[in-house]
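If you want the building blocks of each chain, they are given just below.
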Amino acid sequence: MVSISGFKKIWSEKARQDLENPARPYVIAPAKWLGAFRAGIPARFKRSEFRITLIAMVAGGIAGLCVSVMSQIVLFAHHVIFLVSSNTGISGTQAITPLRTFLGPALGGIVFGLSLLLQSKWRPRLPVDPIEANALHGGRMSVRDSLAVAGQNLISNGCGASVGLEAGYTQIGAGFASNIGRYFEMRRSDLRILVGCGAAGAIAAAFDAPLAGAAYAFELVIGVYTIPALAPVAVAAFMGDMVAKGLSHPPFVVAVSIQNIGFSNYPLAVVLGALSALVGIVLMRLVTFVEQSVRQRWLPPLARPILGGCAVGSFGLYSTQVLSAGHGALHLLRDIPQTALVLGTILVLKCFASAVCIGTGFRGGLFFASLFIGGLLGKLFAIGLASIGYMPDEAMSLFIVTGMASLAAAVIGAPLTMIVLALEVTGVLSLTGVVMLSVLVASLTTREFFGYSFATWRFHLRGESIRSAQDIGWIRSLTVDTLMWRDVPMAARAMRLGDFRMAFPLGSFRQVVALDEDQTYAGLIDVARAHGSELDELSDVLVVDDLTTLANQKLLPKMTAREAADAFDVANTDLLAVVESQDQPKVIGLLSEAYMLRRYAAELERSRREALGEAVDG
Amino acid sequence: MSLNDLISREAILPSLKAANKKQALQDISDRAAEVTGLAAREIFDSLLQRERLGSTGIGNGIAIPHGKLAKCNRITGVFARLEKPIDFDALDGAPVDLVFLLLAPEHAGADHLKALARIARILRDPVITTRLRATRDADGLFLLLTQVQASHAA
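Chains as they are written, first to last, in the working numbering: chain A, 2 to 619; chain B, 11 to 164.
To be clear, the hints were calculated from the coordinates, so they are not data collected in a lab.
Misleading hints may appear alongside valid ones.
Here are some chain B residues pointing at chain A (derived, C-beta under 7 Å) [what the hints assert, rightly or not]:
1. Gly64
2. Ile68
3. Pro105
4. Gly119
5. Ala127
6. Ile132
7. Val137
Owing to the predicted nature of the structure, the values given are computational and were not obtained by experimental measurement.
Just so it is clear, CB atoms sit at the ideal spot from N, CA and C, and this is done for glycine as well.
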């Protein structure tokens with residue numbers, strides 16, 4: 002029997018291991034028959050596209066199941082906390098008492114703060130999201146971290162915090178997919194696709210939009226579209242959607258009635274796209290502003306969500322539309338008559354509510370919030386046009402949908418996903434031109450003037466150089482200690498040249514490492530130069546120290562290939578010694594620039610072929 | 011590399027009086043500091059550090075102490091003729107009375123070694139050392155060192 006202290010010891014040991022290896026495998030305990038199935042897979046089938054497609058089908062289905070379960074939990078929470086009985090959610094219900102409106106998010110902040118406390122004790126590290134997993138960890142994700150993220154996302158959304166569930170959906174879908182892939186010992190490139198499949202299944206299930214789910218996976222999670230990845234991703238999206246439908250997950254439909262779209266709407270779509278980009282950039286910066294404002298010594302991290310919850314609760318007193326993700330409010334947006342002033346106020350409050358929630362630490366993303374804010378902006382835009390006399394029948398619905406897609410494209414950084422989503426949730430293909438134009442303007446403007454999506458902006462603030470989900474993990478894993486030669490010829494600094502010549506005859510080595518009295522690095526000796534005839538007369542006088550060069554230039558084991566290339570450049574040499582650390586310059590290896598560049602080029606080629614879906618050995 | 015580039019008239023000590031190796035190195039370091047503008051202490055420390063690894067007395071009363079310094083920007087020499095030979099822990103155990111100090115930048119590499127080799131070749135010629143020992147003024151020593159270099163080059 003394990004005592005409590007013993008249990009704690011095991012936990013702390015596990016936490017230490019997790020910190021040392023953030024992408025440590027968590028393999029789901031396999032059923033015996035599954036193990037037999039895995040063991041019995043013929044080698045040819047292991048690399049088949051059929052295999053990954055079948056596995057993607059399972060991953061997509063699991064994602065759909067998770068989305069359904071999570072949305073039901075949230076509906077239940079909304080029912081208990083806010084007495085909301087319909088599927089319109091909090092944001093679509095006006096009849097919530099002020100007390101519940103305020104206390105819901107405020108109490109949610111307390112519960113969330115406690116969850117942060119538990120997390121800091123048991124999982125004291127940042128969970129890896131699907132984009133980061135694919136960019137840096139070859140698609141490796143932890144199920145426990147994903148469950149923790151999903152749980153915290155449920156608390157946040159369930160108590161009315163102004164965040165969507167999409168981050169939790171994709172996290173859990175991708176997390177399970179990653180672990181299924183690892184159970185089946187899938188290759189790095191296939192595992193990355195499978196992470197995309199999990200996310201595709203989740204988004205497809207959440208919006209009843211399989212095409213948008215697949216586009217989301219390609220644009221955001223895998224980072225590149227390839228034909229071999231299409232089947233698994235599309236099948237996963239389809240399965241996610243099917244499972245969610247089968248479990249009666251409420252479909253996401255934006256009702257619009259548009260017959261014909263006049264040409265005059267196209268230039269207006271351009272203007273709306275640019276406005277959406279502007280609001281999107283402000284929203285992303287606002288999150289950072291709030292985050293930095295609450296990061297005060299006197300305000301403990303656990304108190305921040307409580308503060309955020311109280312703030313959002315106060316905003317909710319003006320209109321419940323600013324609470325939670327905004328599903329209900331978006332459904333009703335077209336039909337509720339509202340003045341420009343009210344709409345503008347709700348738009349500003351919703352932006353603040355989302356920024357405050359994420360900035361104070363609530364778990365969730367801006368996916369749905371940006372759809373709703375975009376819808377508000379579109380409606381405001383249409384009202385503005387009406388005030389100057391432009392009021393065709395289709396304007397309201399058209400600009401709500403266009404604003405929705407454009408602002409979400411600016412914030413999420415997935416233009417194709419948002420175009421397809423707008424078409425799938427409305428079912429109106431005639432929107433294509435206007436939506437596409439506006440989304441592209443929003444996306445282009447954001448990229449040009451801001452340069453980030455919300456996800457990459459957050460990575461940037463954390464100091465990560467991730468600009469997309471494209472696999473750069475191999476570059477980071479190609480470190481000096483994986484490339485260096487460990488068998489290093491060494492000579493003491495005080496060794497006489499004559500003795501050195503005997504110990505290292507011409508042709509034996511190119512360079513020898515000179516060592517100090519305390520066995521630390523003192524420089525490199527060119528063996529050919531040491532054998533130069535002009536030094537014959539001095540062979541009894543010169544010592545190794547006289548021949549050393551590059552005493553101050555050395556490599557460290559954790560340097561990446563790129564950093565090492567810079568070091569070679571600065572030192573103007575093609576061979577450098579590798580030392581344990583700057584403080585402890587004990588020599589552990591040698592690395593040549595030519596060998597490093599050869600390996601780098603080979604890995605680059607391998608990565609390129611994997612990205613294109615070509616067969617790669619090993 | 012020509013010896014002209016290494017040494018100047020100001021870098022000659024024609025009759026250095028030193029009781030021991032340490033004092034000789036200290037006095038030559040002081041002159042090297044005047045010639046190069048580097049700190050005398052830094053020069054002295056680098057020479058001592060090198061001597062700890064092994065004496066630079068090459069035999070026949072000659073020593074070529076040398077060191078590399080980060081702040082040094084060109085290879086520079088200082089020559090000293092000692093009034094009285096001193097013990098220098100030389101290879102042959104003989105006392106030293108001709109000292110050629112060589113300072114080089116840390117990154118000098120092959121140039122530093124070539125300069126050392128050239129100095130050693132010149133100072134190992136018994137005809138030249140006899141003349142150097144017989145000359146007592148700085149001008150004469152400077153002329154001898156630079157002209158000898160020219161004849162060797164020819």
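* Go through the hint on Ile132 (chain B) and say holds or violated, using the shortest Cβ distance to chain A against 7 Å. => violated (11 Å)
Would the stated hint for Gly119 (chain B) survive a check requiring a Cβ distance to chain A of less than 7 Å?
-> Hint holds; Gly119 (chain B) Cβ to chain A Cβ min 5 Å, cut 7 Å.
(message) Hint validation: Val137 (chain B) versus chain A, beta carbon distance must be below 7 Å. Holds or violated?
(response) This hint is violated: Val137 (chain B) lies away from chain A, its Cβ roughly 17 Å from the closest one there, beyond 7 Å.
Have a go at the Gly64 (chain B) hint: is there a Cβ in chain A nearer than 7 Å to its own Cβ? holds (5 Å)
Chain A contact restraint on Ala127 (chain B) - CB to CB distance below 7 Å: Given a least distance of 4 Å, the restraint on Ala127 (chain B) holds.
Closer than 7 Å between Cβ atoms is the bar; does Ile68 (chain B) clear it against chain A? Give me holds or violated.
holds (5 Å)
Per-residue hint verdict: Pro105 (chain B), partner chain A, C-beta under 7 Å: Status violated, d = 17 Å.
Of the numbered hints listed earlier, those contradicted by the structure are 3, 6 and 7.
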